[in-house]
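Colleague: Here is what each chain is made of, one letter per residue.
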Amino acid sequence: MKYFLLTLAALTFVYPFIWMLSASLSAESGLGDLALLPEQFTWNNYVTVFTKIPLGRAFLNSAFVAIVTTGLVLVTGAMVGYALARYEFVGRDWIFYAIIFTMTLPFQITLIPNYITMVRLGWIDTYLALIVPFSLSSLAVLLFRQAFQSLPQALIDAARIDGAGELRIIFQILVPNVLPTVLTIMILTFMGLWNEALWPLIVIRDESTMTMPQLVTLFSVGGRAEGQLGVKIAAAVLLAVPVVVLYLFFQKHFIRSMASSGLKD
Amino acid sequence: MKKLTPYLLVSPYVLHFAVFVAFPVVFSIVLTFHRWNIISPMEYIGLSNYERLLHDRLFWQAVWNTVRFLLVHIPLQIVVALGLAELLNRTVRGASFFRGAFFLPVIVSGVVVTILWQQLLGFNAGLINRMLTGLHLPRVAWLDDPTIAMYSIAMMATWKNVGLYVILFLVGLQSVPEQYYEAADLEGATAWQKFRYITLPIINPTLFTVVVLSTISGFSLFIEPYIMTEGGPLNSTLSAVMYIYKQAFQYYHMGYSATLGFCFALLILFVVIIQRRYVEQES
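Keeping their order, the protein sequence lines are chains Y and X. When the first sequence is numbered by numbering that gives the first Met the number 0, its final residue is 264 and no position is left out of the sequence of numbers. When the second sequence is numbered by numbering that gives the first Met the number 0, its final residue is 282 and no position is left out of the sequence of numbers.
Simulated from the structure, these hints should not be mistaken for lab results. Beta carbons are placed, not taken as given, at the ideal position from N, Cα and C, and that holds for glycine. There may be inaccurate statements among the hints.
As the list claims (entries may be wrong) - Anything over 12 Å on all C-beta distances counts as not near chain Y; from chain X, calculated:
#1 S10
#2 I44
#3 E85
#4 S95
#5 P137
Unchecked claim - In silico contact screen, one side only, chain X against chain Y (beta carbon under 7 Å); selected entries:
#6 V110
#7 I273
#8 Y277
#9 V278
Stated by the list, open to error - Computed footprint of chain X on chain Y, listed as stretches where at least three residues anywhere in the stretch have a Cβ under 8 Å from a Cβ of chain X:
#10 65-79
#11 228-237
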């Protein structure tokens, strides 16, 4: 009985995705079937998507933005987290207050002013607008701080005696010792950026700079799909595939990372 | 130099905080007293934006829509998540497979999930209505009926997010000592009594986390109704964030939109503080 219910639930969550994949490979007439395998197999929907919108370009944009930003979040997070974990300095408490303030502040309040900042900086329609505002994460700072605190002081002292500078201590000695934390931050940041649609919709108007979720959204609501459901679904499949593939490889880490970020608050 | 080191290390944080958190908060308050279309100079208009907000029926409808969404989404999510977590809790075989399956929609973009559910919820060709007619039940106008549309979106959001909350509850449930249940069994307690008097008090903190997390994410509702219904039918799925977005980027009412964002953010903080108070009193 229990396994019956669990299987039913698992099907509820997985079956729609399989149906979506199958629908994207079906001819328009075969859509709406409950069947798992397309009746008339065709790549047409995918061909149409790529001719209608620059999805390949959007994929590269998304990948570029997500990878660069994730890298920056790791670098800044490790630096700030290290200072908070290993130094006593005047004003340290204020950094904590700032972190707590940032994490409780609803984004609805900063949305419009941040857009105006982008306009003033001339960053509209540039990668800078997609990268810089997300280049530092309070959660990453907290996670690094926590991880660094649990490392022995001897590790740092030994490196100092060898004449290592602070940056070398952070990135060559400490970071390799907290790889699970690094992985958690990578997963959370990458996934968040890959799926983010609202901010790109605001700061990017030029199609060649658009990210994938943005382009798929505009394609879907803008009427360019022209009621061709299969094409719309194919676009959605392409948007889902990269994260799902990563998920299949790092399933446990994904779940653990997201659960730990949820329990942080 | 030694003294400077920590300051150099935290300087990226201070800079980022100043530009993307502190300045916007201050500037958003300034904006609420101005009329501005971003091109011509700002015009000071006192409290007019606030006055307008009070009488803006569409804004209050958007807030109410968001609240209606939450009122269905949160209880549904808690019940389903707790149920699935309870089922998984004492399963050994295949537990990680089931967890992985429940979690799949969590990692996928809301854009994907919405496009998918648009097909599932269609009136004529939608899979759910096909299943209903297959069972000789009447079709439901999931997205076309203004009284139902927002709840359909709440159902979809639950499907998307519930996997995360299953995991959170599972962590909570696993902290309940097995002996407590054994003792209750000896006393002849029913399943409900065991849940009410043993499980619930222990998972209370998790329950609070789940309520707060889904409140905050629910108040951010945007992309789902934006794609699914574009706020319709009859503005019944217009969410507060969608309305703020429209005011800013369709009508270029920057001052008014900032006022909406500011007041809506205060409302969110207010709700979260109330929730926290309530939980502290309970425990």
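Colleague: Please go over all the hints and tell whether each is borne out by the structure.
Modeller: Consistency of the hints with the structure:
Not every Cβ of chain Y is farther than 12 Å from the Cβ of S10 of chain X; the closest lies at roughly 9 Å, contradicting the non-interface assignment. Residue-level check passed: I44 of chain X sits 16 Å from the nearest beta carbon of chain Y, beyond 12 Å. Interface exclusion of E85 of chain X from chain Y breaks down, the closest Cβ pair being 10 Å apart, not more than 12 Å. With 12 Å as the threshold on Cβ separation, the claim that S95 of chain X sits away from chain Y is violated: the shortest Cβ distance comes to roughly 8 Å.
Every CB of chain Y lies more than 12 Å from the CB of P137 of chain X, the least distance being 19 Å, so the non-interface label holds. The closest approach between the C-beta of V110 of chain X and any C-beta of chain Y is roughly 5 Å, which is under the 7 Å cut-off, so the hint is satisfied. Because the closest C-beta pair between I273 of chain X and chain Y is about 14 Å apart, greater than 7 Å, the hint is violated. Contact between Y277 of chain X and chain Y, as hinted, is not supported at the beta carbon level, the nearest pair being about 16 Å apart and thus beyond 7 Å.
The beta carbon of V278 of chain X comes no nearer than 13 Å to any beta carbon in chain Y, farther than 7 Å, and the hint placing it at the interface is violated. Note: the region 65-79 of chain Y has 3 residues with beta-carbon separation from chain X under 8 Å; the three-residue rule is met and the coverage holds. Given a C-beta distance limit of less than 8 Å, the hint that chain X covers the region 228-237 of chain Y holds, as 6 residues qualify and 3 suffice.
Checked against the numbered hints above, the structure violates hints 1, 3, 4, 7, 8, 9; every other hint is satisfied.
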